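Engineer: Spelled out, the chains give:
Number of protein chains: 2
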Amino acid sequence: MSKAMTAQETKNLFVKHEAMLKSAAAAVQSRAFFAHWVEAPSKSVYGETANEDGLAAYQSKCNKPWQGLRQSYDSMKLSSEVSPFTCQSLGISWPVFDSHESYIRKSIESWPAWRKASPELRAGILAEALSRIGKRFFEMAYATMHTTGQGFMMAFQASGPHSNDRALEALSMGYSEQSRFPANVEWKKPMGKFDVVLQKQYKIVPLGISLAIGCSTFPVWNTVPGVFASLVTGNPVIWKPHPGAVYPAAIVVEEIQIVLSENGYDPHICQLCVDTADNPIAKKLAGHPAVKLIDYTGGNAFGNAIESLPGKRTFTEKAGINSLVLHSCNDIGAMMQNIATSLSLYSGQMCTCPQNIFVPKSGIVAGGATIPYEEVVTLLANAVKGLVTHEKAGHATLGAVQNENTSMRVKEAQGLGFRILLDSLKIPNPEFPSARTASHILIEVPADKIAVYEKEMFGPIAFVIPVSDATEGVRLAKELASKHGAITFAAYTTDHAMQELMIEEISGTFTSVSFNFVGPIWVNQSAGFSDFHLTGGNPAGNASLTDPEFVSRRFEIVGIRIHP
Amino acid sequence: MSKAMTAQETKNLFVKHEAMLKSAAAAVQSRAFFAHWVEAPSKSVYGETANEDGLAAYQSKCNKPWQGLRQSYDSMKLSSEVSPFTCQSLGISWPVFDSHESYIRKSIESWPAWRKASPELRAGILAEALSRIGKRFFEMAYATMHTTGQGFMMAFQASGPHSNDRALEALSMGYSEQSRFPANVEWKKPMGKFDVVLQKQYKIVPLGISLAIGCSTFPVWNTVPGVFASLVTGNPVIWKPHPGAVYPAAIVVEEIQIVLSENGYDPHICQLCVDTADNPIAKKLAGHPAVKLIDYTGGNAFGNAIESLPGKRTFTEKAGINSLVLHSCNDIGAMMQNIATSLSLYSGQMCTCPQNIFVPKSGIVAGGATIPYEEVVTLLANAVKGLVTHEKAGHATLGAVQNENTSMRVKEAQGLGFRILLDSLKIPNPEFPSARTASHILIEVPADKIAVYEKEMFGPIAFVIPVSDATEGVRLAKELASKHGAITFAAYTTDHAMQELMIEEISGTFTSVSFNFVGPIWVNQSAGFSDFHLTGGNPAGNASLTDPEFVSRRFEIVGIRIHP
Numbered sequence: 000m001s002k003a004m005t006a007q008e009t010k011n012l013f014v015k016h017e018a019m020l021k022s023a024a025a026a027v028q029s030r031a032f033f034a035h036w037v038e039a040p041s042k043s044v045y046g047e048t049a050n051e052d053g054l055a056a057y058q059s060k061c062n063k064p065w066q067g068l069r070q071s072y073d074s075m076k077l078s079s080e081v082s083p084f085t086c087q088s089l090g091i092s093w094p095v096f097d098s099h100e101s102y103i104r105k106s107i108e109s110w111p112a113w114r115k116a117s118p119e120l121r122a123g124i125l126a127e128a129l130s131r132i133g134k135r136f137f138e139m140a141y142a143t144m145h146t147t148g149q150g151f152m153m154a155f156q157a158s159g160p161h162s163n164d165r166a167l168e169a170l171s172m173g174y175s176e177q178s179r180f181p182a183n184v185e186w187k188k189p190m191g192k193f194d195v196v197l198q199k200q201y202k203i204v205p206l207g208i209s210l211a212i213g214c215s216t217f218p219v220w221n222t223v224p225g226v227f228a229s230l231v232t233g234n235p236v237i238w239k240p241h242p243g244a245v246y247p248a249a250i251v252v253e254e255i256q257i258v259l260s261e262n263g264y265d266p267h268i269c270q271l272c273v274d275t276a277d278n279p280i281a282k283k284l285a286g287h288p289a290v291k292l293i294d295y296t297g298g299n300a301f302g303n304a305i306e307s308l309p310g311k312r313t314f315t316e317k318a319g320i321n322s323l324v325l326h327s328c329n330d331i332g333a334m335m336q337n338i339a340t341s342l343s344l345y346s347g348q349m350c351t352c353p354q355n356i357f358v359p360k361s362g363i364v365a366g367g368a369t370i371p372y373e374e375v376v377t378l379l380a381n382a383v384k385g386l387v388t389h390e391k392a393g394h395a396t397l398g399a400v401q402n403e404n405t406s407m408r409v410k411e412a413q414g415l416g417f418r419i420l421l422d423s424l425k426i427p428n429p430e431f432p433s434a435r436t437a438s439h440i441l442i443e444v445p446a447d448k449i450a451v452y453e454k455e456m457f458g459p460i461a462f463v464i465p466v467s468d469a470t471e472g473v474r475l476a477k478e479l480a481s482k483h484g485a486i487t488f489a490a491y492t493t494d495h496a497m498q499e500l501m502i503e504e505i506s507g508t509f510t511s512v513s514f515n516f517v518g519p520i521w522v523n524q525s526a527g528f529s530d531f532h533l534t535g536g537n538p539a540g541n542a543s544l545t546d547p548e549f550v551s552r553r554f555e556i557v558g559i560r561i562h563p
Numbered sequence: 000m001s002k003a004m005t006a007q008e009t010k011n012l013f014v015k016h017e018a019m020l021k022s023a024a025a026a027v028q029s030r031a032f033f034a035h036w037v038e039a040p041s042k043s044v045y046g047e048t049a050n051e052d053g054l055a056a057y058q059s060k061c062n063k064p065w066q067g068l069r070q071s072y073d074s075m076k077l078s079s080e081v082s083p084f085t086c087q088s089l090g091i092s093w094p095v096f097d098s099h100e101s102y103i104r105k106s107i108e109s110w111p112a113w114r115k116a117s118p119e120l121r122a123g124i125l126a127e128a129l130s131r132i133g134k135r136f137f138e139m140a141y142a143t144m145h146t147t148g149q150g151f152m153m154a155f156q157a158s159g160p161h162s163n164d165r166a167l168e169a170l171s172m173g174y175s176e177q178s179r180f181p182a183n184v185e186w187k188k189p190m191g192k193f194d195v196v197l198q199k200q201y202k203i204v205p206l207g208i209s210l211a212i213g214c215s216t217f218p219v220w221n222t223v224p225g226v227f228a229s230l231v232t233g234n235p236v237i238w239k240p241h242p243g244a245v246y247p248a249a250i251v252v253e254e255i256q257i258v259l260s261e262n263g264y265d266p267h268i269c270q271l272c273v274d275t276a277d278n279p280i281a282k283k284l285a286g287h288p289a290v291k292l293i294d295y296t297g298g299n300a301f302g303n304a305i306e307s308l309p310g311k312r313t314f315t316e317k318a319g320i321n322s323l324v325l326h327s328c329n330d331i332g333a334m335m336q337n338i339a340t341s342l343s344l345y346s347g348q349m350c351t352c353p354q355n356i357f358v359p360k361s362g363i364v365a366g367g368a369t370i371p372y373e374e375v376v377t378l379l380a381n382a383v384k385g386l387v388t389h390e391k392a393g394h395a396t397l398g399a400v401q402n403e404n405t406s407m408r409v410k411e412a413q414g415l416g417f418r419i420l421l422d423s424l425k426i427p428n429p430e431f432p433s434a435r436t437a438s439h440i441l442i443e444v445p446a447d448k449i450a451v452y453e454k455e456m457f458g459p460i461a462f463v464i465p466v467s468d469a470t471e472g473v474r475l476a477k478e479l480a481s482k483h484g485a486i487t488f489a490a491y492t493t494d495h496a497m498q499e500l501m502i503e504e505i506s507g508t509f510t511s512v513s514f515n516f517v518g519p520i521w522v523n524q525s526a527g528f529s530d531f532h533l534t535g536g537n538p539a540g541n542a543s544l545t546d547p548e549f550v551s552r553r554f555e556i557v558g559i560r561i562h563p
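Here the protein sequences line up with chains A and B, keeping their order.
When we follow numbering that gives the first Met the number 0, the leftmost residue of the first sequence carries the number 0, and every step to the right adds one.
When we follow numbering that gives the first Met the number 0, the leftmost residue of the second sequence carries the number 0, and every step to the right adds one.
In short, the hints are calculated from the structure, not lab data.
Computed from a predicted structure; not experimentally measured.
In this text, a Cβ means the ideal position worked out from N, Cα and C, and glycines have one as well.
Treat the hints with caution; some may be incorrect.
Stated by the list, open to error - Residues from chain A that face chain B, not an exhaustive set, calculated with beta carbons under 10 angstroms:
| # | residue |
| --- | --- |
| 1 | 61 |
| 2 | 130 |
| 3 | 257 |
| 4 | 299 |
| 5 | 408 |
| 6 | 410 |
| 7 | 411 |
| 8 | 413 |
| 9 | 415 |
| 10 | 478 |
| 11 | 529 |
| 12 | 546 |
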């Protein structure tokens, strides 16, 4: 640990990053486009050798005990991280405590100094950490690729600039919510002949230990908002990544710990807690009475258990059933291209990817002409096939399948007994011959077989559901979203009344709605500072990235009244 | 139902009350003193005959079926309202549905128009209702007296101006949180050679049916914030008052229904749902899947059950164990007067009333001199006795005991077997010879008998606990607040370091702290627009009146993205 900076130097970190925090706060407020980090992995932005350096950094850390974290540990344990591209273990062992109680104890010990630090000081330290993570985006990209299976470009963007932007959004929001009310006021109540005067203080009191439980597909993007929101509001964090995707999370924790240490704070304010699939620790930590806040991304069964723990405030993202309804469009080719990409991006392993595509049996109207149902589904299947078999774009869009369960799910879908409009293909990746790949399978399922398509089929599986008309599609999409949750709803319609109907019906299920996306923008994407990711209002999750509650529920304001 | 106003006239309601809403929003922000309604029942403010008119209105409604509500019903049922002053039934029968499903159905039917109404329109209607309730403060005072047992002055203030102010606070906060983000933006993402442009809408979507469950002691003050917060954010409300305190709630619901009807809205947007102690309905309503929001004030057992209902957002105030620690003061007489009043106000039936008084065995320092323990407790007992036996102030301060259970609890306390420092007295009320009255019993309990004083003894019961020093008192108060919850913590100390210690330790339990109150200000009081009532951070309740979350959790923002 380096020598602690003086308080003045630490305060300077806030001053150093004040402009960034202010732009972020203004962006949150305006909801217009904003990005602090550049999403393209460009040499001119990130440096001529950034890519090679990042790859070298990644390679140098594989097959070794991890060195950079500043936290205490009992032993080093090999994680179950396996690259979906090489199907080889990353071979990294991680510092771990034997007992979950040790993480809790370290967290409790670290807390008093952090809760006493001012919101400015906390924001300065965290902004500095983000700026340092920004220098490791390429290493982060390779670490993300080889844990999640995302293609390089998505891995770079999702775990790099987009994650840092989402973290900055939460940091900015968390900082500003703490200064929403004055810290002190003189309260003077006129009583006729005299006044009663009280000095009042409004003290920001953090809730307690914050547990962040990550997932295997977006190990950074989904978790950093909660981590930064908890930290800036004065809560110590225990970050338990998915055992299959530790490395990307470790980069973030490491940079936070370094900046904490440099500024004289205990690095255990933010701990990485690595477990293994055969000896999971999340349940023990979540149930511990000192844990007050839990951020969770993952499956429904554990997510529901987390939500129902008494005495915890939880922020969950679970599974949803996303729908897409076709009604009418201007350019059917552009529409099909967009849908094909939307499905194929990361082989459908995005929580925002459409699963159920409702197509009117009477066809759709495109550029004034009616396109019959059969032609619509053929165009769709061809668009997907054309994309995934494209020599360059195909494997780059798909990436690899994170785990074997998802591959098994594709097999399960193949065996459902319904008409297969397009079968899943194993798309060779020239760079990684062992990559676990699968393109989308498109299956036609009758509208009355709701038991089939009301189940989340995470991965490259989509159902095409013929409906009597778009309104029936909306009705079914609404039913699924209300019952099982949904994160996105996409539709193509050139009809204003239909658009209004869809907005009214689907917004009532607390699902975001996207119309007529064509070109380089997809329903899967959720833009930091502008789009709320989830609403918190349906079973897909109980929180929203990043609305004011997402940060304000991590502290309370306690009033102090002093009679002079 | 009167003829519906035009949309323009309805919009004018917002314009009519815009200044009030703006002052309220400014007050919420500044936390300085603000009151829209005058708390004194003054003739010059409320009119020469306001008191007589209010009494007459009250008397004219007793022993009859209630007429003023605009809601449908199956039959009229006599409530179990009994005046604690006369011990006679109020004799009012109320419109009720046979089944809880009817309230739900009416609520669902009323919802679409209300959710489509703009926040301005909703705020205008609700502000108008508050202004009309303001004309019924005296009737409200008598209705509150004869259901809760509060003395006239408290009944006037608590259910009248203070309640209206708390409702206005929630209304103002709910209105402003809905306009926190823009309703529409153009999002333009630069892509190098071109921009991706999306039209984005941020739609405020109300959660669903809101159930408000009231209590018998503060039937309006505790419930109006949630009711107004839910209504202004577009949720229909079912207000289920305590069966022993219906009338005060009915005044509020009635005025809301009248203004709704006048403006062409279904009065069932806000329904009164009267049940009886032997046929309670709250559990059925709370468990109904269409009910999404629950505001609750009451006991722990049912409160905990409410909080653990899956799929609901709950806003609870349950029981807490409030502590008072004596350390040092300037004027021991003024201190004892203040404590005596704080205990005796409404016979200790305030959720903010201290229960456990920690007194150092070595005594306290007052004006430089040490006052021995025995003298301190004698002075305290004498101050309470002096106040409650005062011919005019005594019965006026105490009011009456709301129900027989509280009287029984006093008997239970008498039989605990500990030293009684002051016994409870039945204080005659000259105006109401049958009034159920009881002054405070003060019982000395050793610090190691925590099982005795960690139990909430709601009513005129306080424990004096000798401790080795004030720090031990703080430690015990902290333990009780963490374990069982607390709403207030009061202390007397002239020592800065002790004050800082108390702030640090007690704020960590999410309990508000009040120091050195003397004169006409008591720890029991919580000022609208300035004091947060509860924090939501300890077992005394999970919500805070009125922080931003209290309103923002009643709606979600759903994003709509349109590619042009």
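Engineer: Starting from the hint list further up, note which numbers the structure goes against and sort them upward.
Structural biologist: 1, 2, 3, 4, 5, 6, 7, 8, 9 and 10
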